[in-house]
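Single-letter residue listing:
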Amino acid sequence: MKINKETVEKVAHLARLEVSEDEKELFAHQLSDILDHAEKLNELDTEDIAPTAHALPIQNVFRKDEVRASLDREAVLANAPQKDEGMFKVPQIVD
Amino acid sequence: MELYQLTAHQLHEKLVNKEVTAREITESIYNRIEAVEKDVKAYITLTKEDALKQADKVDEKIANGEEIAPLAGIPIAIKDNMSTEGVKTTCASQILHNYKPPYDATVIKKLVAEDYIMVGKTNMDEFAMGSSTENSGFSKTANPWDLTRVPGGSSGGSAAAVAAGEAIISLGSDTGGSIRQPAAFCGVVGLKPTYGLVSRYGLVAFASSLDQIGPFSKDITDCAIALNYIAGHDEFDSTSANREVPDYTASLNQDIAGMKIGVPSEYFGDGIDQEVKDAVWAAIKKLEELGAEYEEVSLPHTDYALSAYYLIAPAEASSNLARYDGVRYGLRSEEAKGLVEMYKNTRQEGFGDEVKRRIMLGTYALSSGYYDAYYKKAQKVRTLVKQDFDKAFEKYDVLISPTTPTTSFKAGAKKDPLEMYLSDICTIPINLAGIPALSMPCGLDSNGLPIGLQIMGNHFGEEKILQVAHAFEQATDFHKKQASL
Chain G
1 MKINKETVEK VAHLARLEVS EDEKELFAHQ LSDILDHAEK LNELDTEDIA PTAHALPIQN
61 VFRKDEVRAS LDREAVLANA PQKDEGMFKV PQIVD
Chain E
1 MELYQLTAHQ LHEKLVNKEV TAREITESIY NRIEAVEKDV KAYITLTKED ALKQADKVDE
61 KIANGEEIAP LAGIPIAIKD NMSTEGVKTT CASQILHNYK PPYDATVIKK LVAEDYIMVG
121 KTNMDEFAMG SSTENSGFSK TANPWDLTRV PGGSSGGSAA AVAAGEAIIS LGSDTGGSIR
181 QPAAFCGVVG LKPTYGLVSR YGLVAFASSL DQIGPFSKDI TDCAIALNYI AGHDEFDSTS
241 ANREVPDYTA SLNQDIAGMK IGVPSEYFGD GIDQEVKDAV WAAIKKLEEL GAEYEEVSLP
301 HTDYALSAYY LIAPAEASSN LARYDGVRYG LRSEEAKGLV EMYKNTRQEG FGDEVKRRIM
361 LGTYALSSGY YDAYYKKAQK VRTLVKQDFD KAFEKYDVLI SPTTPTTSFK AGAKKDPLEM
421 YLSDICTIPI NLAGIPALSM PCGLDSNGLP IGLQIMGNHF GEEKILQVAH AFEQATDFHK
481 KQASL
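Residue numbers (the UniProt record's numbering), protein chains in the order written: chain G, 1 to 95; chain E, 1 to 485.
Hint data in this document are derived by calculation from the structure and do not stem from the laboratory.
It cannot be assumed that every hint is accurate.
Covered by chain E, per the in silico footprint, the following chain G stretches (three or more residues, Cβ under 8 Å) [to be verified]: (1) 14-23; (2) 26-35; (3) 40-48; (4) 52-59; (5) 64-71; (6) 79-92.
The C-beta atom is built at its ideal place from N, Cα and C for all residues, glycine as well.
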């Protein structure tokens, strides 16, 4: 098994996910299976192959840096779980 | 024939000739929804009131003698991962259960400009992660051909809506097969355009280098018409291709004599059901009768595409889905002390299992110490997969294969994630290469379920795909078969 429960805990923290004890077991097993399947890629010699991040050769798309209208603040804040005086409100960050 | 059974081009003609009104068409669709939606469950949100208002506007234009666009007054369903201003856009996730976008996606703006009628927002696998629409955070959609089976996914609601007569056309998105696989399972036409042809602005991102929006329709002509209206450069999407968009209906009636078809042998391996292979081969022979030439070809890296995809797509997803943190929109967990706990609890409550699995897989593949071994390796293999296609298209106009290894499977049949992933083996390589591909019906199996034919083209080769697809459609009757719901 490539992934044990401790690795699941570590990755879950990096991804800001809370996982239960049962889920740790299940995800360790399932993620290991998927990564075992991915071992197949090592059959290929890719030493001299360039990676592809994107299928089309589009690079450096620029536009003029000019001021344009943006979304209305009230419309954007309408979805906020909590807001205060035109701002998003979050739980306390610093103790 | 009822109005809901017709195609957009048939309805357009009737509208222009004043044989029907847009209101009658729209009412026919909602009556149909009334009758079958309880079984199919294709929609998350219905927008009937606005739809009828919009229909009246179109009727007024016609009454005033104004010219109307080909999609004016046509009821169209939208996958629930495309932003619609003021209309809930949930991605079938609890984390966005109440999210109403403050703006329209570019594709929606384009359709609005054509006076289309939005029927509603369709069900999907949560954040487009899945192949059966069983991963929806709200409900499971059924296959209109057999309600005990899945419609495919992730755009299962959009495919089922068209197959069940609950929409004339619909839009879906395709990251690894999410348009073509459900199109195959539901016996409709589905096109994944070339990466960059259709703007992704306002499409909620899953894997940004693979996602592409495309149409579902009942026939090839409607597919070409829909593509005409959603394709094109968009300055709001920096990955959008800046090139002229042709009239995709123009190539439809052209002869296919002399066209060269490649048949990739890797797509006809042991994992592919014999009935599916037989139907696809019969279609290739039919195209030969129509004057095309075919030859078997090898795409040697096909077997590696699935593994590469299941590293690249989750990696991109883990980054894209970091934005769901309970701060600006959607769900926020109430039971949390401090910010980090709020993030974690919100994401725990809001995401389903498959989404969590992929976020973790992607986070792992991108994490320090594993990046080169997994993510970078997968990107290098992506190059090899793409080169296979580049080489094939030097010689062939299109490639033809099955869309899926089997026809639709029973709901609940695939419990193991890896087993579910394998249902996308014929569609995933196309997204890695960024090329366009279409699925269309080419027969029914012994259970009476539709079989999908996949036609792939080179980058921006949509016209050739549609030309071949149309020739096949005109020579056969498969597109006329409808689910007996």
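Exercise. Looking back at the hints listed earlier, which ones does the structure fail to meet?
Worked result: 5
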